[in-house]
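> Below are the chains, spelled out letter by letter.
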Amino acid sequence: MAEKTKELTGKKYPLSFHLDVSDFLPAEESEKQSAVVMRESISFWKDGLRRLRKNKLAMTSLAVLIIIMIFAFIVPEIYPYSYEQQIRGSENLGIMKYSTQELERKANGEFVFPHILGTDSLGRDYAVRLMMGSRISLIVGIIASLIILLIGSTYGAVSGYFGGKIDLIMMRIVDIIYTVPDILIIILLSVTLKFPLEYLAENVAGFKWINTVGVGLISIFIVFSLLYWVGMARIVRGQILSLKEQDFVTAAKALGAPHSRIIKKHLLTNCISTLFVTTTLQIPSSIFTESFLSFLGMGVNAPMPSLGSLAADALSGIETYPHRLFLPAVAISLIILSFNLLGDGLRDAFDPKLKN
Amino acid sequence: MGSYIIKRIAVGIVTIFLVATITFFLMYLVPGGPFLSEKSPSKQTIEALERKYGLDKPVYIQYLNYMKGLIKFDLGPSLKMRGREVVDIIKTRFPISAKLGGLAMLLAICIGIPMGIFSAINRGKWFDNIVMVICTFGIAVPGFVVATVLMYFFGVTLHILPTRGLDSPAHYILPVTALAFYPTAYISRLMRSSMLDVLGQDYMRTAKAKGLSQFKSLFKHALRNAVLPIITYLGPALAYILTGSLVVEKIFTIPGLGRQFVSSITDRDYPLIMGLTIFLAFLLITMNVIVDIVYKIIDPRIKLK
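Residue numbers (the working numbering), protein chains in the order written: chain A, 1436 to 1791; chain B, 4 to 308.
Among the hints, erroneous ones may be present.
Simulated crosslink set (DSS-like; lysine-lysine; CA at most 30 Å straight-line) [said to hold, decoys possible]:
#1 B:Lys83 to B:Lys46
#2 B:Lys75 to B:Lys60
#3 B:Lys83 to A:Lys1629
#4 A:Lys1629 to B:Lys60
#5 B:Lys102 to B:Lys253
#6 A:Lys1629 to B:Lys253
#7 B:Lys46 to A:Lys1629
Chain B regions said to be covered by chain A (calculated; three or more residues, Cβ under 8 Å) [said to hold, decoys possible]:
#8 138-146
#9 149-158
#10 261-268
#11 274-281
Derived from the structure by calculation, the hints contain no laboratory data. In this text, a Cβ means the ideal position worked out from N, Cα and C, and glycines have one as well.
Using the sequences and the hints given, assemble the complete structure.
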């Protein structure tokens, strides 16, 4: 009997106060492991990325975008032709064709890099122009969206946080900008802005950089940032309105945090997923509008190509050189499609509430 | 309801006034004048012309004069097309764009709404998948791509459809298709998601439980609720499409309002720029008010304030 009790409880006598020393040894690693019930904590970004990785469509779009970006940003730098270089005698070449001069040079044993997509009517290599055009479209899309993010989130956050009369007035302004016929104002603005910008670039010392970026491009940025932040501002305001009632904001206020800190540190960081997703979905719509403007001849300045202006230039020679129209058309559609699908994927992964 | 409409109209007038002011001063920031592009204009001619149209006066007086005219719906004469009033130009050009845009929107509604409904009913089946793929592409492809590709295949390669002007009914096919492409894709997608939303509601289950036929429950209960987001989209979209797509009119050389706007800016035809901008703003605001009223008719629960 006594033996059996000892086996069960480790004690000689069942009711004694005898303590087993082995019970008080520090726990071993394996015992600690078994006590951990919760899984490893996953950060917000890790969680979202894990969900994103499961979305095949979004990952394919991401891969397509990365390939396009390599072609747009890296390949033109090592490409033997430049986008503005006019090669005399090589005008209007077809795909993989050489001009007579280039054939002669080839016959002499020189290596002549082929015009993979031919040349345009001024003898410029079309492949490199197409890549530069994609670069411009991507830059416009991304930078314009970042500007929109900056203005829209600040405006929306201030309006939502202070509320009351300030909110009323600020949102009235947004409503008015919403009803303004945007396409017309964009066209008008981009024409208007060209001249003061050119003046700045030529006459004021600190603004020489405008010429290197291009007046057309800068005016597109300004136009987008003046008109298109309203959507972002509305979304952010809606989020802030519900966030500002929460306890952590009251706590921050009680601790004496200034308004700017509450907005920056507490409110905007809490709607980061919305900001992230909305900005990504803004990129294709900026690219869309830029290509449209360039197609009408109001976008980037002349030697610089954009996918829209390449397509517009190809319109007159559509019967003989259809590829010059189709290639930029395919490129722009592919870029917009990929950004749309990636944005949808990001929304599903990071901000399921936003889905509608 | 009545007081709501009056309030909306008042806000609309203020908006139009603001748009007119912004456009007016933006326009005058653009260097160059309407008479510079003419063949070797002498200084005297330019001055005489400027005096004739009141362009020699300070900008604020010009502004006040214009606003005075605007109250009386007088948009002034065109500076480029001599002897023609801006109102006249809008009157002759707008029907062209409106006919084209109206047909395109009609096509988009007739295809988009049924497509959206059927893919919502057959969710996850092959029909739904095909529709979703088409819509995703349709939204991603810019209008000028659709228009030029259509023109290339049907006009240039196959030679079966005319691509320039609007002389016969056949001339309408390509531009209308090009204009309708994006709205069709957008409406199908919107209709599908809103239909899916409605089909999951309790009242749809009730309708089914009380033995309503699928056809009846779909058209009487679901459609009426699901169509609301489409109407929100249709209002502004219709205003834009009626005033003409700039791109489609450029590609198919159609003398509509959209092309007129681009050329008025390059010509610095100040009254025409103003007139067209105000006209579009007016159309947009009117459409938005109409949308709100239609909303109220379709869904009486909505309170307008």
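> Please work out if Lys1629 (chain A) and Lys253 (chain B) have their alpha carbons no farther apart than 30 Å.
23 Å, holds
> If you draw a straight line from the CA of Lys83 (chain B) to the CA of Lys46 (chain B), is it 30 Å or shorter?
OK: Lys83 (chain B) and Lys46 (chain B) at ~18 Å, within 30 Å.
> Between the region 261-268 of chain B and chain A, see if three or more residues pass the 8 Å beta-carbon test, and mark the coverage as holds or violated.
Per the Cβ count (3), the hint holds.
> Run the distance test for Lys102 (chain B) versus Lys253 (chain B): straight-line Cα separation, threshold 30 Å.
OK: Lys102 (chain B) and Lys253 (chain B) at ~16 Å, within 30 Å.
> Per the coverage rule (Cβ-Cβ under 8 Å, at least three residues), is the region 138-146 of chain B covered by chain A?
holds (count 7)
> Holds or violated: are the alpha carbons of Lys1629 (chain A) and Lys60 (chain B) at most 30 Å from each other?
25 Å, holds
> Are there three or more residues in the region 274-281 of chain B whose C-beta lies within less than 8 Å of some C-beta in chain A?
Since 3 is at least three, the answer is holds.
> Tell me if the straight-line CA distance from Lys46 (chain B) to Lys1629 (chain A) falls inside 30 Å.
26 Å, holds
> Hey, Lys83 (chain B) versus Lys1629 (chain A), does the alpha-carbon distance stay inside 30 Å?
23 Å, holds
> Taking only the CA atoms, is the gap from Lys75 (chain B) to Lys60 (chain B) under or equal to 30 Å?
21 Å, holds
> Apply the coverage criterion to the region 149-158 of chain B and chain A: a residue qualifies when its Cβ sits closer than 8 Å to a Cβ of the chain, and three qualifying residues are needed.
As far as the region 149-158 of chain B goes, the hint holds, because 4 residues have Cβ atoms under 8 Å from chain A.
Every hint from the earlier list agrees with this structure, and none is contradicted.
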